[in-house]
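Asker: Next come the chains, spelled out residue by residue.
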Amino acid sequence: MLARDSRVEKGDDEQPHSRHDRQPPVQRTADVELTIPARPENVAVVRHVLGGVGEALGLDAPTLGSLRLAVSEACTNVVVHAYPDDEVGLLEVEAVVDPPLLHVTVRDRGRGFAPRPDSPGLGMGLSMIAAVARTLEVGSEPDGSHEVRMTFVVADAAAPDAGGGS
Amino acid sequence: MSGDGGSGGIGLDGTHVAVAAGPLAGPVISRVIAIAAARAHLPVDRLSDALAIADAVVEHATPLVAKERLELATTGAGGWLELRVGPLRHGSAGRLLERSEPSDAGGVIVRLATRTRVISIEAGDVLVIDVAAAP
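For the protein sequence lines, the chains are A and B, in the order given. Numbering-wise (the working numbering), the first sequence opens with residue 629 and increments by one. Numbering-wise (the working numbering), the second sequence opens with residue 958 and increments by one.
Think of the hints as simulated: they come from the structure by calculation, not from any bench. Backbone N, C-alpha and C fix where the C-beta goes; we use that ideal spot for every residue, glycine too. Keep in mind that a hint or two might mislead.
What follows is a set of in silico ranges between Cβ atoms, one per label pair, in the way DEER data are often shown [as the list claims (entries may be wrong)]: (1) A:683 / B:1077: 35 to 43 Å; (2) A:668 / B:1056: 37 to 45 Å; (3) B:998 / A:770: 39 to 47 Å; (4) A:759 / B:1052: 46 to 54 Å; (5) B:1056 / A:683: 27 to 35 Å; (6) A:714 / B:1048: 38 to 46 Å; (7) A:689 / B:1077: 41 to 49 Å; (8) A:715 / B:1037: 23 to 31 Å; (9) B:1052 / A:683: 30 to 38 Å; (10) B:1074 / A:668: 16 to 24 Å; (11) B:1020 / A:739: 36 to 44 Å.
Not the full set, but computed from the structure, chain B residues with beta-carbon under 10 Å of chain A [what the hints assert, rightly or not]: (12) 979; (13) 983; (14) 984; (15) 989; (16) 1023; (17) 1026; (18) 1028; (19) 1030.
Build the full structure now, drawing on both the sequences and the hints.
Answerer: Here you go:
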């Protein structure tokens, strides 16, 4: 189980190594920002849009699948855990193309990953993300938001302003 | 949809997306509009029209954006879809719609949309495009 404000990074042997120092966030305007109500049906919207980003960048099939899975898990966590049952908060997703990496951030402005004794999930979402993403960071920001930050390796990806992607 | 004064005139009750001008704009905008149109229960032909509008928006509105990114907000239900594009540079949204040749963006949008209007906010123009189940 990841602690808050922790980072998991894959080593050369592709086994995740847990580190507790945080990498500074990517300092540039996101190439894609999506804000949508944190409802179960909207997880598919995020998955579809990020899938389109991945396809435009020419991700190979396994990486594209990993991206869709990881984003779906992170968004589902927000839908299930971030807001009280009687409140519909916002789910925010950002993508930054920074070759050879794609940085994806899933953010909520609710209670983040506060454990729910009545959680309907299996508690494996972050583990799955860690298994398929290049890196995974989980933490809280000074403005009170909570973020899950993931990176994926994008082979031969071009920055959007270079007109790349297949 | 929330009021025109919120968040630069683009409401957040539905979906809001901002995408950098470039190769990601088309895939992102078309997917957002396709899903919104489906959820608004538009029939297949009107969903196709919404996608044609999406293509026109991406191609012709992207150069007019006021803040380096193309922003879109969608809401819809019960056979009605509203798209809010912008902010665009002041005056540009109206000029875009005035180009009414069939091959122009204005021609595509005006012909396929149920209604169009331009809202002026501090940050620029917001182009509002309504697509109803029956044109």
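Asker: Any hints from earlier that this structure breaks? Give me their numbers in increasing order, please.
Answerer: 10, 16
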